[in-house]
Structures are given as structure tokens and as C-alpha cells.
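A.B. asks: So the sequence lines, in the order shown, correspond to chains A and B. Going by my numbering, the first sequence opens with residue 1, and the numbers climb by one from there. Going by my numbering, the second sequence opens with residue 1001, and the numbers climb by one from there.
Some hints here could point you the wrong way.
Said to hold, decoys possible - DSS-like, lysine-lysine: derived pairs with alpha carbons at most 30 angstroms apart:
#1 A:K257 with A:K69
#2 B:K1232 with A:K120
#3 A:K257 with B:K1232
#4 A:K120 with B:K1280
#5 A:K120 with B:K1279
#6 A:K42 with B:K1280
#7 A:K167 with B:K1232
#8 B:K1280 with B:K1232
#9 A:K69 with B:K1387
#10 B:K1280 with A:K69
#11 B:K1387 with A:K182
#12 A:K201 with B:K1279
The hints are simulated quantities; they were obtained by calculation from the structure and are not laboratory data.
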Amino acid sequence: MEFGPIFRAAIRHRARTLLIVVQVALSLAIVANCLSLIRNFKGYMTHESGFDDDNLVWIVSEPFSPAFKEDAYQIASIDDDVRRLSAIPGVRAATTTGFLPWAGGGSSGEVRVVGGPAIKFRTQWYGADPHVFDTLGVRIIRGRNFNAQEYEASAERRTQFSIIISKALADLIFPHEDAVGKRLEDPDRLEVYTIVGIIDKFYSPYGGWPIDEYALFMTDRNFTYLVRAEPGKAAGLVPVIERTLLRANDGRNARVKTVHELRSDYAYGYQLAVMPLNFVMILLVVVTALGIVGTTSFSVAERRRQIGTRRALGATRQAILRHFLFENWLVTTVGILLGLGLAVALNIGLVTLVEGAKIEWPILAAGVVLLWTVGLLAALGPALRAAQVPPAIATRNV
Amino acid sequence: MLTYNLRLAWHSVKRNPMLTALIVTGIALGVGVATPALTTIHVLGQDPIPQRSGVLHYVRMDSWDPAVPYPGRGGIPTQITYRDMREIMKSRIPVRQTADFQAALYVYPGDRRQRPSRETVRMAFSDFFPMFDVPLRYGSGWDKAADAKPEAVVVINDDLNIRLFGGGNSVGRIVRIADRDFRVVGVLAPWRPRTLFYDPTNSGGQPESIFMPFNWIEPMEIRSNGQRDGWKSMEGNPTYVERLHGSETVFLQMWVDLPDPTRARAYHEFLDAYVREQKKFGRFQRPLDNRVTSLSSLLAEWQAVGPIFKAIATISVLFLIVASLNLIGLFLGKFLARAPVVGIRRALGASRASIFLQHLIECELVGLIGGALGLLISVGVLSLLNKGSERLTHRPDLFQLDVTMVLAAFLLSLAAGAIAGIYPAWRICSIPPAQHLKNQ
């Protein structure tokens, strides 16, 4: 190929070359960073909770009747609610649980290893009945579930507890051992917790505290319930559940929502951020493409006589087409190389703003391929026009 | 001279309408993207209560676990304990002060056919109302005597006033909350601050339905409905009140009015002395770290403007720059086509500077036309954004252009015109006059 003329032409038209280089570089920097932000937000939106989110229903019973001041009345009411919830057609499992997924927070506490070093571990901490894991759709991967005696014991004051913890917490506290059977205690050593089981994945965002994957469950009754519906039936169950609970006991209100709804509320903020980024990115690619079309057209128009002369001297149409495409590719590539540096520089600034938006090679590669394609497609039109310049033009006097 | 240049510019703009339209569109798109993005930052960064944010101070003390630092933002607890609040409230240094937290209580409507409703309640001291400039439609807050006793009085918001009493002046009427009757002493005017700025633990909330004297916390055993952080368990089987006075759980927000640096310093010293005293009893085992932060500093510290908005704004401004760079080629083509005319003007004595100025003014004129169009686009984009974000902000018109933002759009379009125009204007003015005369 004719590197000489291409290179000389690029040098001769410094300003025009520089313009495309800068444009391509800035575009790559922006596109790559948009992509990395979008990927980061998508990550938050689609983070797996480890639960059967789509089929869960979230229920809060809010008692106001004075009768609820009696412990025995509370216990009877909760047991009755769980029984009624489980009996609703379309319900696979129901549980009384202090843990509600996608609440944005919850309760937490600290434990240490009995007889171990004085290191404390903070974890999310919830009381629930033995149906909770079935309801969430979480597997017990080691050890066993709570049994009926352990659940009944929660009505009394205890200092000994059986607990089930998440795998992430087990790996944190006992990195090289089986955690089942190990004993933990509270930092003031008033209570002892024996690990009887380990559950698989657990993820629940906890308002800025770094304990999203750590969970500790013990047996307890709560006025909050979860129901796992048969696939596709969750939304339809909401009014049924509300009616059932109010019919069972009118001395309280019931708030019922699907977990899917809560999750989409949580994801909505990120969704809202992704939209303008996508929009700006598309607009940017269009503007850059138009810029390249404009500049290349201008340079073709300016060089009609030279093109005609080359054609007259025997250059084929393909050679002319190749010349312009290659010239454009060369300039775009220089821009891309510069853009890689700019993208990383811009990203350093952005990462201080948005944690986890660090740029990675696949994203840069995607940006490079995109700009190469856009550059070539944009140059194609003007280059084809250049190839159509008749050789006779060289003989004409202006 | 300027009017002459503007006339020349306008003439040139009209002569080549297609090209001009293309350039105007480019600038309009750039300004129409960058202005709304900057508006979000501008709106979110606005001080919710500028007249008081230098005087209002938020109090934090590191009463956390000696073994590990507080895991949340700031590294010290966001709130304080009940026992510490009781002690530091004895200080006479602050001009006004309040501790407060959010609770949730049942309200029983007079009409027995309606169900009781669970309402949010802000437990606070009487100073709360003047400290946060709470807008009251009827009546007022309560007085110090009502704080101390406490008296069975409440302030309710406009919405609850409508639901309970159908609106109007309800001062003096009775509302049943939990197991007690309260007399309404004040009704709020509609109050929809952008954030619940008096409660740093609450993101995205709205002011409570009911405001109640803080000291009802003990007789009614009122619990926090907001964030509570603990690290120490209590032995035995304490009653609720015993637990309040003995617990290390933090759940209270503490605000003080400190109008001048002398008082601020004195108050900080008072807190330090209090903590040193407590250390003797084995509490506050972490290094001494009390913070008395003005609301304005607190807003900066906790990033009132979300980083996502800043990231999007950065990218949008870069987009404006790229869009302007694209126009360099167009202006260049347009100007160079006019080289013969410029050659004649130069030969007749026009200086390079005046040619440069003439062309730059043309660019800026086009820039401003684009900017005006961009402002229209911004209005559209912002109304889309308001529609989209209503679900999160609970307000239909949060993001709006104001004078500052119109001025910003004006400056952005001038900048865009300059980016696109300086090089072409410089090129055209440096053409040697003779070259283009020869061919005529």
C-alpha cells in the first residue's frame, strides 16, 4: 500500500488530522467511561440475592390492639398467622422472620469465637422460624435446619442458642475449618451460640455497612412474615394475604408488598442513571461520525485534482478507495491510542466519585472496536465519492 | 463596531442556512445535554436552609466499642446515646438545642369507622421548630414548660390535619395517639423539603406527620423507628426506662445552635470535658473524638450531591466539548470559502485583528442561537427527568432551571462558540491578502 502519500497527506493537513485525532480520543474516553459506569450500575441492579425474589411476598403485621401487650397473645397471633398464610392456595411456604430482603438495612450484632482471640465479627442478625430458608429459597449446604424444640424455646428467655449462619460469614470466622458445631458468644459473654447449619448464598444491602453477605439466624417470632408463592402467583396473592390477615385478627394493620416491587424500587435509581448515559453515548457516537464524514468530505473535495491525476496515471478506483479508508483508519488509530490514555485518566477521576466503576480491558476493547467501526463507516461515503472522481478532471483547467 | 460585526455575522449566517443550521444543532445538542446535567448538581447541592446552616451544628461523640471503630461513614457513630444526651443537654452554651428521633405510633381517628393508622412521629424539644424554621400554618410549637412536664400537646402536619379534621384551623382539637389524648397546638403549612435534612440517618424521607414533646419517650415507652446502632448488650432483664439510661445504643440526633466561633469552641471544650469525665467511669474507651459540625459542613461531608450525578455531569460537559470540536471543520470550510472576500477587505486595509474579531463574533452569534435552542431542549430534558425521578423524589418538579442555570447555559454556549470558532477565525485572518486577489 502507498504509505508514503498517505502519511505525507496527513502531515500536510495537520489541523484536520489533529482534529480527528482529538475527537476520536475524547469520544473513546467518554464511551469507555460511560460503558464502565453502566456496567457498574447494572451490577447493582442485577446482584443476585440468593433468594427466590420474584416469588416472595413481604408482610408486616402492625398490631395496635392493647391485647397484643400480652406475650402469650402475641405468640398465639403469630403462630395463627403463619398457619393461615401457609394454607392459602398458591403459597409454597410461609415464615415469621425478622429478615426481609431488599429492605436496605435490618439488624446487626457482633460475635466472637468461644475461647478464641478477642476479635469481633459484625454480621446481620435475625430471628426466624425453621421455615425461613425454605421460604427464601436458600439451601442449607452443611449441618441441619432448626428443629421444633429450638423454635419453641424462643418463647422463653435463653442464654444458649442454636444458630445458622451464611457461608460468607462461616468462611470469614473459620477460614480453614468446618464451622458446624463451633460455638460463638456475644462480646460481653452473656450468651452462647452453637452453629448447627450453614446456608448458601446470602446477599442483602445493609446501608453502607460492609456486612451485605454476612447473616446469623436464630429462632424467634416476629410480626414480619415472608411468603413464597408458586411461580407467577406472587402479585395475585397480595390482596388475598391482606384479607386473610385482617379477617384473622382485626386489632392490627397489615402491609403487604411483593419483593419484586421492592427490588425494582431499589434498582430504579440505577436505571435512572443508566438512561442518560446511554443517551449521551449514542449521541456522541453520532456526532463523532458526522464530524468524520464532514472532515473527510472536505478533504476529498479539496483533493479532487490530485485524485484525478492519480487516476490518470493509472491508479485504480480501488486504490483511491483504499487510500482514503486507510488514511482515515490511520488517523483514527492514532486517536484511539491517545484515547486509551485519556480514558484511563478520566476513569481515575470518576472512580473517586463512583466506587467500583473502574475501567477494565474488555470495556476498552469494546470502545476501540466501536470507534474503529464508526470511523470506517463514516469515511466510507466520502471515500466512495473520491473513487468516482473521473481521471479526465486532471486535464481540465480551472 | 460591534453592531457592524453583528450585522456582517447575521448576513453570513443567512447566506448559508443549511450549514448554519447544522452548526446550531450541534451546539444546541451540546448545551441541551450539559445544562440539565449541571442543573441536577446545582439543585441537589442547594442548601436546604441557607439562613441557618452556619448556626445549626450537629453533635457526634465516639462512644463506640473500644475494640473496633464504628463501621458506618465517618468512622464515629452518626447518633448519640440517651444517657449522654441527658447529660449534655444540661449545657447552657448553645442558644437553642434539641435531641430528636423518629418513632411510629398509632393514631385513632375520632370516626370509629376508620381504621387506626400508623404515623411517623418526630420526638423533639420545643427548640426544634425555630431551629429548623418549621413553617406553621396555624398555632405554634410548644413551650419549654411543655417540654419539661411533658404536656400532652402535638404539632401535626397539613396532610394529617386533612385526614383527621378535614383541614382548617385545628388548634385546640384532640387527637388520640397510642393510649393517650393529645391537644393540637400547631398545624404545619405544606412542608416538602428536598431531603429530611434534620435527620442525617434518613435518606429520602419526608417530614413526620406528628411532632411530639421528647419527654414522652419514658412514660409512653416510645421506641425509635429509625436507625439504632448498638455494640454492647445489657445484663439481666432491664425495664425499658432502665435500658434507656444504661444502654450504649445510639439512636438520637443532637442539634445545637452555636451562632459564633467562641460558643462553638466553648461547646466543643464542654463536650471534651464531659467525655474525659466519663472515661473515669470506664466509658468512652476509644480515643477522644467529639465532632460539632455545622449543617453546611455536614452537607459537604455527606455528599448531598450523589456521586452518580457528578459523574454524569462530567460526561455531559465533555460531550459538549466534543460536539463543539466537531464544528471546527464546518466553520473552517465556511470561512475558507469566503477567503477571496477577506482578501479584498485585507487589501483595503482591514487589520488581521478586525478580521479575527469579525469571524469570532459570527461564531459566538451562532453559539448563542444554538444555546437558546439548547435551553429549550434543556427544559424538555428536565421535564422528562422530573417525570422519571418522581418515584424517588416524591416531587413532580424538583429539577428546574433558575437564573443561575440560564446564565450557565449562556456561558456554555459562548464557550462552545469559542471552541468551534477560534481556530477557523485565526486561519482566515492569517491568509495573505495578495493570494486571493490574483485569481479574480
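A.B. asks: Decide, hint by hint, whether the structure agrees.
C.D. replies: Going through the hints against the structure:
With a C-alpha separation of about 26 angstroms, the suggested pair A:K257 and A:K69 falls inside the 30 angstroms cut-off, and the hint holds. As the CA atoms of B:K1232 and A:K120 are separated by approximately 12 angstroms, the hinted pair is consistent with the 30 angstroms bound. In summary, the hint linking A:K257 to B:K1232 is not supported, as the alpha carbons are separated by about 34 angstroms, beyond the 30 angstroms threshold. With a C-alpha separation of about 25 angstroms, the suggested pair A:K120 and B:K1280 falls inside the 30 angstroms cut-off, and the hint holds.
Restraint check: the Cα-Cα separation between A:K120 and B:K1279 comes to about 22 angstroms, which is no more than 30 angstroms; the hinted pair holds. Taken as a hint, the A:K42 and B:K1280 pair is broken in the structure, with Cα atoms around 51 angstroms apart against an allowance of 30 angstroms. Between A:K167 and B:K1232 the CA atoms are separated by roughly 25 angstroms; this keeps the pair inside 30 angstroms, and the hint holds. Taken as a hint, the B:K1280 and B:K1232 pair is honoured in the structure, with Cα atoms around 19 angstroms apart against an allowance of 30 angstroms.
For the given pair, A:K69 sits about 45 angstroms from B:K1387 by alpha-carbon distance, which is inconsistent with the 30 angstroms threshold. Between B:K1280 and A:K69, the direct Cα distance comes to roughly 40 angstroms. Violation of the 30 angstroms bound is thereby established for this hinted pair. At most 30 angstroms may separate the alpha-carbon atoms for a hinted pair to count; B:K1387 and A:K182 exceed this at roughly 54 angstroms. Between the alpha carbons of A:K201 and B:K1279 the distance comes to roughly 42 angstroms, so the proposed pair goes past 30 angstroms and is violated.
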